[in-house]
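Asks: Sequence:
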Amino acid sequence: SANCGYGAQVGQIGLGTMEMDEDERYLYVVNLFNNSVVKIDSDNPQVNTTQTFLIPNPSCSFNDFAVFAMKFYNNELYVGVTCTAETSKDLADRSFHVYKMNPVNGSLSLIFSTDYVKGVWDNSNLNQVETQWLKDIEFTDEGNMVLGIGDRVGDTFCNQATSRVDDQFGDILLVYNDN
Numbered sequence: 001s002a003n004c005g006y007g008a009q010v011g012q013i014g015l016g017t018m019e020m021d022e023d024e025r026y027l028y029v030v031n032l033f034n035n036s037v038v039k040i041d042s043d044n045p046q047v048n049t050t051q052t053f054l055i056p057n058p059s060c061s062f063n064d065f066a067v068f069a070m071k072f073y074n075n076e077l078y079v080g081v082t083c084t085a086e087t088s089k090d091l092a093d094r095s096f097h098v099y100k101m102n103p104v105n106g107s108l109s110l111i112f113s114t115d116y117v118k119g120v121w122d123n124s125n126l127n128q129v130e131t132q133w134l135k136d137i138e139f140t141d142e143g144n145m146v147l148g149i150g151d152r153v154g155d156t157f158c159n160q161a162t163s164r165v166d167d168q169f170g171d172i173l174l175v176y177n178d179n
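Its first residue numbered 1, the sequence shown is counted upward by one per residue in our numbering.
Treat the hints as calculated values from the structure; they're not laboratory data.
None of these values were measured; they are calculated from a predicted model.
Quick reminder that beta carbons are idealized off the backbone N, C-alpha and C, glycines included.
Check each hint, because a few of them may be wrong.
Label-pair ranges, simulated between beta-carbon atoms [said to hold, decoys possible]:
#1 N102 - L174: 33 to 39 Å
#2 N179 - S88: 33 to 39 Å
#3 G170 - P45: 31 to 37 Å
#4 P45 - F169: 37 to 43 Å
#5 N144 - L54: 38 to 44 Å
#6 Q168 - A92: 32 to 38 Å
#7 N74 - I172: 20 to 26 Å
#8 G170 - N105: 22 to 28 Å
#9 N105 - E24: 19 to 25 Å
#10 G14 - N179: 32 to 38 Å
#11 N102 - V47: 32 to 38 Å
#12 G170 - D43: 35 to 41 Å
#13 N144 - L110: 15 to 21 Å
Taking the hints into account, I'd like the entire structure generated from these sequences.
Replies: What follows is the structure in structure tokens.
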């Protein structure tokens, strides 16, 4: 389609990752619109039993950040953040971050950051070569963290030049557990 306006909404509105805690009592959902994690009681899903935890900006320029990735592991919730550089368009403003979150009270500690990121989010140019974001967090048996990096260009499902969405540039990062 020649109209790719919907692609600009990718990573901005809707839901990100969903995770159940290990007892399957609570469902955790990323709210992309306000960069938060919503905790829903699966035994009693009511407004008064639902909690929202805002994920803070990990020092991204112009407050340009997006939350998407999340993983429940060893009774902790891990939340991934991408500094998007949407406003500055400066590659130096791009980074990935992972917070460890206490699932009971929502307290957060920043445990990992890297500037190993390719491309900036530019909604005026959805035909970019690559524009990465942190989409998945997993753990190995040894406790190493595996970060799944997606290419937002493919998620926009729009390339005006070729109509191809299969030419993407994702990546995988392994974060070694030195504890």
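Asks: Taking the hints in turn, state whether each one holds.
Replies: Results for each hint:
no. : hint                    : verdict
1   : N102 - L174: 33 to 39 Å : violated, 25 Å
2   : N179 - S88: 33 to 39 Å  : holds, 35 Å
3   : G170 - P45: 31 to 37 Å  : holds, 34 Å
4   : P45 - F169: 37 to 43 Å  : holds, 39 Å
5   : N144 - L54: 38 to 44 Å  : violated, 28 Å
6   : Q168 - A92: 32 to 38 Å  : violated, 23 Å
7   : N74 - I172: 20 to 26 Å  : holds, 21 Å
8   : G170 - N105: 22 to 28 Å : violated, 34 Å
9   : N105 - E24: 19 to 25 Å  : holds, 20 Å
10  : G14 - N179: 32 to 38 Å  : holds, 35 Å
11  : N102 - V47: 32 to 38 Å  : violated, 22 Å
12  : G170 - D43: 35 to 41 Å  : holds, 37 Å
13  : N144 - L110: 15 to 21 Å : holds, 18 Å
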